[in-house]
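Undergrad: Below are the chains, spelled out letter by letter.
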Amino acid sequence: MEDLRKLEEFQAKIDAEIKIEPKDWMPEDYKKHLQRQISQHAHSEVIGMQPEGNWISRAPSLRAKVVLLAKIQDEAGHGQYLYSAAETLGKSRDEFIEELQSGKAKYSSIFNYPTLTWADMGAVGWLVDGAAIVNQVSLQRTSYGPYSRAMVRICKEESFHQRQGYEIMATMANGTPEQKAMAQDALNRFWWPSIMMFGPHDSDSPNTGNAVKWKIKRETNDELRQKFIDKTVQQAEVIGLTIPDPDLKWNEDRGHYDFGEMDWDEFWRVVKGNGPCNKQRLNHHKKAHNDGAWVREAAIAYAEKQKEKQLVA
Amino acid sequence: MEDLRKLEEFQAKIDAEIKIEPKDWMPEDYKKHLQRQISQHAHSEVIGMQPEGNWISRAPSLRAKVVLLAKIQDEAGHGQYLYSAAETLGKSRDEFIEELQSGKAKYSSIFNYPTLTWADMGAVGWLVDGAAIVNQVSLQRTSYGPYSRAMVRICKEESFHQRQGYEIMATMANGTPEQKAMAQDALNRFWWPSIMMFGPHDSDSPNTGNAVKWKIKRETNDELRQKFIDKTVQQAEVIGLTIPDPDLKWNEDRGHYDFGEMDWDEFWRVVKGNGPCNKQRLNHHKKAHNDGAWVREAAIAYAEKQKEKQLVA
Amino acid sequence: MTTNEALINYCLRLGDSSLILGQRMSEWCSNGPILEEDIAMTNVALDLIGQSRTMLTYAGKLEGKGRTEDDLAYKREEREFYNTLLSERPNGHFGDTVARNFLHSAFFYHLFQALKSSEDEMIAAHAAKSIKEVTYHLRHSSEWLVRLGDGTEESHNKIQESLNDLWEFTGDLFEMNEVDEILIKEGIAVDLAEVKKEWDKTINQVIERATLTKPEECYMQSGRLNAMHSEYLGHLIAEMQFLQRAYPEAQW
Amino acid sequence: MTTNEALINYCLRLGDSSLILGQRMSEWCSNGPILEEDIAMTNVALDLIGQSRTMLTYAGKLEGKGRTEDDLAYKREEREFYNTLLSERPNGHFGDTVARNFLHSAFFYHLFQALKSSEDEMIAAHAAKSIKEVTYHLRHSSEWLVRLGDGTEESHNKIQESLNDLWEFTGDLFEMNEVDEILIKEGIAVDLAEVKKEWDKTINQVIERATLTKPEECYMQSGRLNAMHSEYLGHLIAEMQFLQRAYPEAQW
Chain A
1 MEDLRKLEEF QAKIDAEIKI EPKDWMPEDY KKHLQRQISQ HAHSEVIGMQ
51 PEGNWISRAP SLRAKVVLLA KIQDEAGHGQ YLYSAAETLG KSRDEFIEEL
101 QSGKAKYSSI FNYPTLTWAD MGAVGWLVDG AAIVNQVSLQ RTSYGPYSRA
151 MVRICKEESF HQRQGYEIMA TMANGTPEQK AMAQDALNRF WWPSIMMFGP
201 HDSDSPNTGN AVKWKIKRET NDELRQKFID KTVQQAEVIG LTIPDPDLKW
251 NEDRGHYDFG EMDWDEFWRV VKGNGPCNKQ RLNHHKKAHN DGAWVREAAI
301 AYAEKQKEKQ LVA
Chain B
314 MEDLRKLEEF QAKIDAEIKI EPKDWMPEDY KKHLQRQISQ HAHSEVIGMQ
364 PEGNWISRAP SLRAKVVLLA KIQDEAGHGQ YLYSAAETLG KSRDEFIEEL
414 QSGKAKYSSI FNYPTLTWAD MGAVGWLVDG AAIVNQVSLQ RTSYGPYSRA
464 MVRICKEESF HQRQGYEIMA TMANGTPEQK AMAQDALNRF WWPSIMMFGP
514 HDSDSPNTGN AVKWKIKRET NDELRQKFID KTVQQAEVIG LTIPDPDLKW
564 NEDRGHYDFG EMDWDEFWRV VKGNGPCNKQ RLNHHKKAHN DGAWVREAAI
614 AYAEKQKEKQ LVA
Chain C
627 MTTNEALINY CLRLGDSSLI LGQRMSEWCS NGPILEEDIA MTNVALDLIG
677 QSRTMLTYAG KLEGKGRTED DLAYKREERE FYNTLLSERP NGHFGDTVAR
727 NFLHSAFFYH LFQALKSSED EMIAAHAAKS IKEVTYHLRH SSEWLVRLGD
777 GTEESHNKIQ ESLNDLWEFT GDLFEMNEVD EILIKEGIAV DLAEVKKEWD
827 KTINQVIERA TLTKPEECYM QSGRLNAMHS EYLGHLIAEM QFLQRAYPEA
877 QW
Chain D
879 MTTNEALINY CLRLGDSSLI LGQRMSEWCS NGPILEEDIA MTNVALDLIG
929 QSRTMLTYAG KLEGKGRTED DLAYKREERE FYNTLLSERP NGHFGDTVAR
979 NFLHSAFFYH LFQALKSSED EMIAAHAAKS IKEVTYHLRH SSEWLVRLGD
1029 GTEESHNKIQ ESLNDLWEFT GDLFEMNEVD EILIKEGIAV DLAEVKKEWD
1079 KTINQVIERA TLTKPEECYM QSGRLNAMHS EYLGHLIAEM QFLQRAYPEA
1129 QW
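Chains as they are written, first to last, in this note's numbering: chain A, 1 to 313; chain B, 314 to 626; chain C, 627 to 878; chain D, 879 to 1130.
Just to be clear, a hint being listed does not mean it is correct.
Unchecked claim - Quick list of in silico lysine-lysine cross-link-like pairs, DSSO-like style, CA-CA up to 30 Å: (1) B:Lys-528 to B:Lys-540; (2) B:Lys-592 to D:Lys-1074; (3) A:Lys-156 to D:Lys-1010; (4) D:Lys-1092 to B:Lys-600; (5) D:Lys-1092 to B:Lys-419.
As the list claims (entries may be wrong) - Simulated coverage check for chain B against chain C, where a stretch passes if three residues somewhere in it have a Cβ under 8 Å from a Cβ of chain C: (6) 354-367; (7) 481-494; (8) 555-565.
If you're looking for bench data, these hints aren't it; they were derived computationally from the structure.
Treat the numbers as computed from the prediction; the structure is a model and nothing was measured.
For every residue, glycine included, the Cβ atom is placed at its ideal position computed from N, Cα and C.
Chain A extracted, bound-state conformation (with noise of 0.2 Å):
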């Protein structure tokens, strides 16, 4: 069979690390699960500007401002390439904003959380954009060309966010007693929903075969999150900071810390709607698209009345 043929073949590019391009066939399931994959990674994006431009008018000096500024720009930018990526696989935009609109669609619960003072800044940039980190980093090698592609550039940036959102942390952490308390405060209640930011177990992960084997992830959920774990219990340390787990300790024959447990039920809330900002962030986002409807729609009457113009001259 002629599609048995191109799967085998496809397989074998993606076994060989070649990587696949959107003009390459390949199997439906593959596309399908990047574009779930990469448009919720821009919506991500976009929806985590609310969280953050939230306190962009409070920020408390002019510095910490244009960082913020900054951040929350590059954070559009990477939803404009994952929307060009994941616009490669054959869907418009706007079909994707319909798809997160209407809750089709779903992005990283973590933003359905409040950021509630300006410590939260710290904890978004450190603990937020680090555990993405981590995930990007592995996805730097997924097998579509223009993902990885995106990821690569998505990368060297996140890591300056997360430096920034560290220093924000240690320089509360070591500020007067009420900003160490704003920052041990924005720790304990982002900690957890950060370490799910990785999903489920590996073994309640069900999607996780096929995307093992396509190369689309590199690494499991359980791998990425210990990783994260290792890395960040130390930068707390470092800033005298506890991170909310009694059962966190050194593990010295895994080399790793064991974690307590994580509340799933907290989770897949979330997930389905019911966090403390879910209405707020979909409604937030729809309330700005409808608005900006008139705008979209002169800007396309302009550019068909010039394109006529330059058919007539």
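Once you have looked at the hints, place chains B, C and D on chain A.
TA: Structure of chains B, C and D alone, referenced to chain A:
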């Protein structure tokens, strides 16, 4: 002629200090004059809520917040009885509001100046309500019954407001250097507009003739202005603030303060719509009115349904 | 946790909820759909701020560190405010405000009814005094709920949506923890599960009268007990506290 | 008034206008009509805040009292801000923002072109550096003015109204006083009447290209020279300064 006889009877009542009531005959010009004056007065109360409303959310103590809220509530109440008094002359509140929104009807020009610091809450109470009160005390004896009675009621509350405003100024004038500077700055900005609230000099005030004959107006603009100035200069001295008028000085012969020339260009400019906040005030009023349209419609629809139900029952 | 500590926290819960809801209501000033509503909503704001003053003053006294109502209102941080999640919801359109106030006033109404017989004199007196005000708030918001629900098609749909949107924040009103446990034992606080029963009755009745549908059961957000908030509160606080923060030396 | 005093004030005018307009632009974050505009508007905000840092730092240095950019941004009062009235206008809808930025960028563009040859090295360097950024701001806002003006009927009407509404605040951009007089003599500042001529040309050209009508001459509001503002600025400042005001001891 019938009308002439009525006019004579009308003037005789006026001269005998008998109040004119809604069902009494009155000359068309008397009615028009009152419609204009009372509705303008009502609009002023309503638009006046905006510059003070601007500071409720930032009131610097809970007590200050309560006092300010209560004051603004009183103003809304004054607007309400003044609209009712005006409605006795055969025009509806909706019509008056339309005249306000179309710019046909005016409101006191003082509310076209912005409130920029908390001291402005003092200045507005002390100077603006202070000036209003001088006028309103005089209007308690106005010839039209409903207007006169509204004024009696309003005057009681207004003198309370004036005292509260003065208290804010006194506290700030005796506070930190920053507070004192704010208080002086507020006085500087509100002084001239306040004394122009009484309107043009008598010599430039063409409408006064009939209004005085009909005892709508009991004292002239210049008389009222002089009263206000005489009273206020001393109050400023007590709290150590300086009236921003180099020409101000006590005139032993007149038994009054002499004062400098007012900027009538500015006055007319603001009346004509070019003050710093004219557009803002009207747009705010229109927006609130438009945003509330569906609510008013619902209330009417509900009331009609209830009426029908009662008829059926 | 001592009884005194529990009571301080209890007063903050009451005082903060009144304060934040009062601040929200005062944002309506000059923005009402009719002048009468400007008056009514300012009235509600006044009552609520007044209630918060009593409770914050009492909390300060119990604490014994000399903090006044203003210290507590103006110099605490977001994560030290124990107001209900419902009280901090943005005003939205008039229907959103009506629905929020309706749900919240019904809570306060039944809570204060129960607290009238608190063993703590101040709490009992506060409840007795506030009940009159809250009765008016509940009547006012209920009447509007009915008018909008049974008004036009547009108003019906809008107010139904407002109710649905706010529903997930109503569970928070009735959550209890150690504070309640300690104070219930002392006869100071009341069992919020009992308050909820009464609240349910009122809510059901008015919603039915308004020809509306009670929102479906859903996951309920928590916050109040741990001073956890939405992102909206921080902005409200920044504005509210600005002058006191900017001029810490000043008397006003 | 000494030259140094005049120059300090001049730097505040430039720095404050950039700061306030930058703060306004940053409010657009995640609210743009398309993702590309979120990026573009954040870019403009970044440039403007960057410009304000240079000018406020310089003002602090000239003053010689050790005030930093943050002291000047976060610890001055409303009546000490010398920004243009235009810069503090609320964002409104996208067209309002486009019109405001267009009018303001055209002003900065021609002002900085002229200031490139200022006798004050810092001012000259600031102008030379900023001109690149402002060229982009002007191009970006002009392109949108044309798209909206020559787009749909709705967009045409909206952007025309935006222009009309903002017009009364454009006179303020070009007002001069003793500060300008002193600095023009020293070759540090430039005659804003000359800048206005260039501004007029640019404005006329783009408005025409956008098939829009130049707003009619009207009374022009004043403010900038006397740190006089609209009621909008106070709210912006309260939010912007909150953390610095609330935690005066903290480093961030």
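Undergrad: Now tell me, hint by hint, if it's right for this structure.
TA: Comparing the hints with the structure gives:
1. B:Lys-528 to B:Lys-540: The hint holds at about 19 Å.
2. B:Lys-592 to D:Lys-1074: Distance of about 25 Å is within 30 Å: holds.
3. A:Lys-156 to D:Lys-1010: holds (26 Å)
4. D:Lys-1092 to B:Lys-600: holds (26 Å)
5. D:Lys-1092 to B:Lys-419: Judged against 30 Å, a Cα distance of about 29 Å means the pair holds.
6. 354-367: Three-residue rule met by the stretch 354-367 of chain B, so holds; n is 4.
7. 481-494: As far as the stretch 481-494 of chain B goes, the hint holds, because 7 residues have Cβ atoms under 8 Å from chain C.
8. 555-565: That given contact is violated, which follows from only 0 residues of the stretch 555-565 of chain B lying within Cβ reach (below 8 Å) of chain C.
Hint 8 from the list above is the single one not met by this structure.
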